[in-house]
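Trainee: Those sequence lines, one after another, are chains A and B.
Per the working numbering, the very first residue in the first sequence carries number 358; after that it's consecutive.
Per the working numbering, the very first residue in the second sequence carries number 358; after that it's consecutive.
If you're looking for bench data, these hints aren't it; they were derived computationally from the structure.
None of these values were measured; they are calculated from a predicted model.
Every residue, glycine too, gets a C-beta built ideally from N, C-alpha and C.
Wrong hints could be hidden among the right ones.
[Unchecked claim] Looking from chain B toward chain A, a few residues come up when the C-beta cut is under 7 angstroms (computed):
{"no.": "1", "residue": "Arg410"}
{"no.": "2", "residue": "Ser413"}
{"no.": "3", "residue": "Val414"}
{"no.": "4", "residue": "Thr418"}
{"no.": "5", "residue": "Arg424"}
{"no.": "6", "residue": "His428"}
{"no.": "7", "residue": "Arg455"}
{"no.": "8", "residue": "Leu459"}
{"no.": "9", "residue": "Gly463"}
{"no.": "10", "residue": "Ala511"}
{"no.": "11", "residue": "Asp519"}
{"no.": "12", "residue": "Glu520"}
{"no.": "13", "residue": "Gln524"}
{"no.": "14", "residue": "Val526"}
[Said to hold, decoys possible] Counterexamples of contact, computed for chain A against chain B with all Cβ distances above 10 angstroms:
{"no.": "15", "residue": "Ser379"}
{"no.": "16", "residue": "Asp452"}
{"no.": "17", "residue": "Ile476"}
{"no.": "18", "residue": "Ala489"}
2 protein chains.
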Amino acid sequence: MTATDPWVELLTGDRSLLDRTSTAERVADVLRQRIIEGGLPPGTRLSEGSAGRALSVSRNTLREAFRLLVHERLLVHEFHRGVFVRVLSVDDVQDLYRTRRLLEVGAIRCAGTAAPEQIAAVVAEVQAAVQAAAEERWLDVGTANMRFHQAITALACSPRLDEIMRQVVAELRLGFHVMSRPREFHEPYIVLNRGITDLLSRGEFGEAERLLETYLSEAEAQLVQAYRQMAR
Amino acid sequence: MTATDPWVELLTGDRSLLDRTSTAERVADVLRQRIIEGGLPPGTRLSEGSAGRALSVSRNTLREAFRLLVHERLLVHEFHRGVFVRVLSVDDVQDLYRTRRLLEVGAIRCAGTAAPEQIAAVVAEVQAAVQAAAEERWLDVGTANMRFHQAITALACSPRLDEIMRQVVAELRLGFHVMSRPREFHEPYIVLNRGITDLLSRGEFGEAERLLETYLSEAEAQLVQAYRQMAR
DNA sequence: AGGTACTGAATTGTTGAACAATCCTGCAAG
DNA sequence: CTTGCAGGATTGTTCAACAATTCAGTACCT
């Protein structure tokens, strides 16, 4: 019986690396990247014709990619009108922070039972943010910031929660485009992040949870204010 | 200025009712229904040819529907091999309960600030389960049970969390098919659900939270055991 | 001027066919 | 019992066509 050979189990995990991706998925990947980078600002219309010609893919393939991104809420689809890069409303922003609070606070409660590497991963993202700030790469600071929060969510050890958080973060970045000064928006959070990791390393989990919660509420308030200001 | 007329805002909400759905979405709806009902058991292969002929839709449209359900994790897509109804592993079941615990426990913490109608909605689902049990409609008991948990999640007042929970529940129902006796599996939870609603009505939120947590862990253990038993 | 109805162009929704790439099955050979 | 090799079947992707719908402009009426 060769089915129980030890190397078989080893290789089964590598199966995913072998899975080539379809064109539609790759198209979705590049669109997703452009959207969260801001190259395709919220409200932009993506017509099947132009986008298909630009990327040299057929309409059908492009439509498959659109469906994926619509499902991720990065695009909205209006029947017979086409797809548009999502425009976040204030309600959306508030709901996203509501979701984040629940996810991240719930996850940080697992910090007590988490593996040391997971805590280390959180710390590493703060370091990345510090590094980026030192080199004045403010957009990278924002990216590291988001990865910090994903690392916190990862404390729950749940692939599904990780995936959900990935989507929430991607959607939230749509809203960050309203912040005209990335430095002023992202920089202050570095010290807060470090505060959280310090508490985590010291095992003061309850305190870390509280700090995270106020942190998120503060960030929400700031973003909502920027939104209202822009509406005028 | 007619833009500020009071009825304008009223009607904008009805816009969604007007949005006809695409064929792909309707196809996805019927497939989703068949899957969670068990008509298409886990592992079933859905070939584009047969399914397309059966539903009288073109391959392209069908593929769009498949993409949607793959994204919801109800189907898995293997490159150049086709789509299959997902087979939940034990790991999946455990991760789903991990996710549920975080979502539901987090949501029930908002019970203190929730509107009375929301509590009433939770109670109503227990009633529905009791009613279904009295008429020995055990599958409906299971459905009411799931709706009970969705009502709990709704306490968080977050459309995104509601959507996430909807997906989690749909995915979890894939796992319920291993339970050969729906009555023995679903019936015992009715009394637990009532216990939770009683605590909620009496304002003992902390106690309700604890009960919910043990509830979920117990259900998980039961399902996991059934899974392992079946693997033999 | 301001609102209404209509027309034609452009875009999306959906289907069908075509071809390449890949997988699966069965069979023959070692 | 494994390996290698057809042949058929299925999927991946593109293209072309047509129906349904939206959009922009225009003429019309009051």
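Trainee: Hints first: check each against the structure and report whether it holds.
Mentor: A quick look at each hint next to the structure:
Because the beta carbon of Arg410 (chain B) sits about 19 angstroms from the nearest beta carbon in chain A, more than 7 angstroms, this interface hint is broken. Because the closest C-beta pair between Ser413 (chain B) and chain A is about 19 angstroms apart, greater than 7 angstroms, the hint is violated. A hinted interface residue such as Val414 (chain B) counts as satisfied when its beta carbon comes closer than 7 angstroms to some beta carbon of chain A; here the least separation is about 14 angstroms, so the hint is violated. Violation of the interface hint for Thr418 (chain B) is found here, the shortest Cβ-Cβ separation to chain A being roughly 10 angstroms, above the 7 angstroms cut-off.
The beta carbon of Arg424 (chain B) is positioned within 7 angstroms of a beta carbon in chain A (closest approach about 5 angstroms), and the interface hint is therefore held. Given hint, His428 (chain B) at the interface with chain A, holds; its Cβ is 5 angstroms from that chain's nearest Cβ, closer than 7 angstroms. Because the beta carbon of Arg455 (chain B) sits about 5 angstroms from the nearest beta carbon in chain A, less than 7 angstroms, this interface hint is met. Because the beta carbon of Leu459 (chain B) sits about 4 angstroms from the nearest beta carbon in chain A, less than 7 angstroms, this interface hint is met.
Annotation: interface hint on Gly463 (chain B) holds; nearest CB of chain A at approximately 4 angstroms, less than 7 angstroms. A hinted interface residue such as Ala511 (chain B) counts as satisfied when its beta carbon comes closer than 7 angstroms to some beta carbon of chain A; here the least separation is about 12 angstroms, so the hint is violated. Of the supplied interface hints, the one on Asp519 (chain B) is violated, with its beta-carbon coming no nearer than about 10 angstroms to a beta-carbon of chain A, more than 7 angstroms. With 7 angstroms as the threshold, the beta carbon of Glu520 (chain B) stays out of range of chain A, its nearest partner Cβ sitting at about 9 angstroms, so the hint is violated.
Interface restraint check: Gln524 (chain B) against chain A, minimum CB-CB distance 9 angstroms, threshold 7 angstroms, status violated. Annotation: interface hint on Val526 (chain B) violated; nearest CB of chain A at approximately 13 angstroms, more than 7 angstroms. Separation of Ser379 (chain A) from chain B is inadequate, the least Cβ-Cβ distance of about 7 angstroms not exceeding the 10 angstroms criterion. Non-interface call for Asp452 (chain A) relative to chain B: violated, since the shortest CB-CB distance, roughly 5 angstroms, does not exceed 10 angstroms.
Taking the minimum C-beta to C-beta distance to chain B, about 19 angstroms, the non-interface status of Ile476 (chain A) holds against the 10 angstroms cut. Residue-level check passed: Ala489 (chain A) sits 29 angstroms from the nearest beta carbon of chain B, beyond 10 angstroms.
Hints 1, 2, 3, 4, 10, 11, 12, 13, 14, 15 and 16 from the earlier list are contradicted by this structure; the remaining hints agree with it.
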